[in-house]
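Let the hints inform the model, and build the full structure from the sequences given.
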Amino acid sequence: MSELWQQRAKAYQSEILKYLKYVLNDHLVLALLFFGGGLGLAYANWLKTLQPLPNYGLILVAAVSFLLTLPGQPVLLFKNADPVFLMSQEKNISAYLRKSLRRTLISVLIPVGIGSLLLFPLLALAYHQLFLVMGVILTVILGSFTNVLIRYQGYYFADPRWDWKITLLIDAIIVSLIMRFPLIAAVLMLGWLVLEWQRLNRLMEKGSFNWQAAVDAEQKRMGRLYRFFSLFTTVKNLPVKAKRRRYADGLVKFLAGKSSMFSYLYSIMIVRSGDLGSLMIRLLIVGMLIVAYSDQEWLKLMVGALTTYLIVIQLVDVYRPVQANSMVQVYPVDAEMAQKGLLSVLKRIILLSAILLTLAGCVTNWSLSFLGWAIVVQAITAWLLTQWLVPRYIKKINR
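Reminder that position 343 of the sequence shown reads as 920 in my numbering, one-by-one numbering, no gaps.
In short, the hints are calculated from the structure, not lab data. Nothing here was measured: the structure is a model prediction, and the numbers come from that model. Every residue, glycine too, gets a C-beta built ideally from N, C-alpha and C. Check each hint, because a few of them may be wrong.
Taking lysine-lysine pairs in the BS3-like style, the calculated list, with each CA pair at most 30 Å apart, reads [as the list claims (entries may be wrong)]:
(1) Lys917 / Lys830
(2) Lys973 / Lys830
(3) Lys830 / Lys972
(4) Lys917 / Lys972
(5) Lys797 / Lys742
(6) Lys972 / Lys835
Pairwise CB distance ranges, derived in the manner of DEER restraints [said to hold, decoys possible]:
(7) Ile743 / Pro968: 55 to 65 Å
(8) Lys783 / Gly827: 50 to 60 Å
(9) Leu745 / Gln706: 28 to 38 Å
(10) Gly731 / Trp965: 45 to 55 Å
(11) Glu592 / Asn778: 24 to 34 Å
And the structure:
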């Protein structure tokens, strides 16, 4: 089982590195540098306003510390067929799980370390003494490790020590002690960690492993990773899921317009596909928030146009799977109907995006000048997308 873990860990690392080269491209790194610099400057200026620390400062420290204890999804690397082919090795599964646990605990240190580093200036303002600050950070690290151990216990057929709500409550109570007694909080969290470690060891030695629960959890974790990577490149292993969303029937009818076969098909694919639909909503919400809270008129216009562009760029790929379907080629319909249907749907999405982004911009900068410029910029963006970019993309696929 140890050799099996080594093989899968090596393959997993190679796969992650393969996709990371698409994620960490030059454009994204440059954007993150500017974005990180802006956030850092805003954070530094905000900290200056907290001297002396207001009453809510310690509450904010405790809340952020509690959130930092929650990350830590087990890295199991199980496959769908493992419950069948590895059932005979259940007695030796503890060796596999111990290596998995070690890998998970190391991976947990990355978000916790970054979060603690960002929290450090606020901790320095709150406590003024290094050993108290280290007590808070130690509490966060031990709390995140404890939650990981509890998640591993859930993969065994055994009654949980506490309900997950009680677990979160205990975690919150211990972390809240850092507001007054950071060292006591660290000691209590260490004691809780030891208790959960002993229980997990007993389960590994004598417990019955729940293969299906572990496999399902790993498939969900990998699905989240693949969906993230799919924002930057094509992911072959990404499962395609469609879900009936009755509450979105009105949106489907709006996007389909004068319902032709292809316009209705594209609308259904965008709305019922969890990836495309949620991606469109996330981009739109982020764009609206930036536009709403920006004071610069030119920045509002630029972000509004960029958001519309990104939404169309992500959704235009819905044309590919439709054309790849061999049944589409034998339909007794004009070949241009697919192109016209896609353009019709995208035009309505652009219209909806332009209206919402413009309304968000008017929240903090209501003026006829901004409204006029927003209409002009969104109209130019829509014309470039529908008359130049999307037709070129369709032509490229049809070659």
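If you test the structure against every hint from before, which numbers come out violated? none
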